[in-house]
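Participant: Sequence:
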Amino acid sequence: MDDFPHVSVLLREVVESLDPQPEDRILDVTLGLAGHALELIKVAGSKGSLVGLDADEENLTKAKAQLVQYADQSQFVHANFS
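Mapping of the sequence shown onto the numbering used here: residues 13 to 94, in sequence order.
Bear in mind the hints are in silico, worked out from the structure with no lab data behind them.
Do not take every clue at face value.
Using 25 Å as the maximum straight-line C-alpha spacing, the simulated DSS-like pairs for lysine-lysine come out as follows [to be verified]:
#: 1; residue 1: K54; residue 2: K74
#: 2; residue 1: K59; residue 2: K74
#: 3; residue 1: K76; residue 2: K59
Kindly generate the complete structure, drawing on both the sequences and the hints.
Facilitator: Okay, structure coming up:
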């Protein structure tokens, strides 16, 4: 499965709908592989922050790698949001 790149569903539409702004605080309760979170934190910039939750520890590990350049601005929580 790792041979195929992950493509976030409706990425453009989600980002447009959420309309992120510089310095935003982002909460992603279904972090997954961090595709949406990455695009949102890019817009939030160096003063933005991210908290990502996921029930799957393997996904959290992969998300941390995906967001390594934003590690100082990010927190990762192993939890089910429901």
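Participant: Which constraints among the numbered hints does this structure fail? Numbers only, ascending.
Facilitator: none
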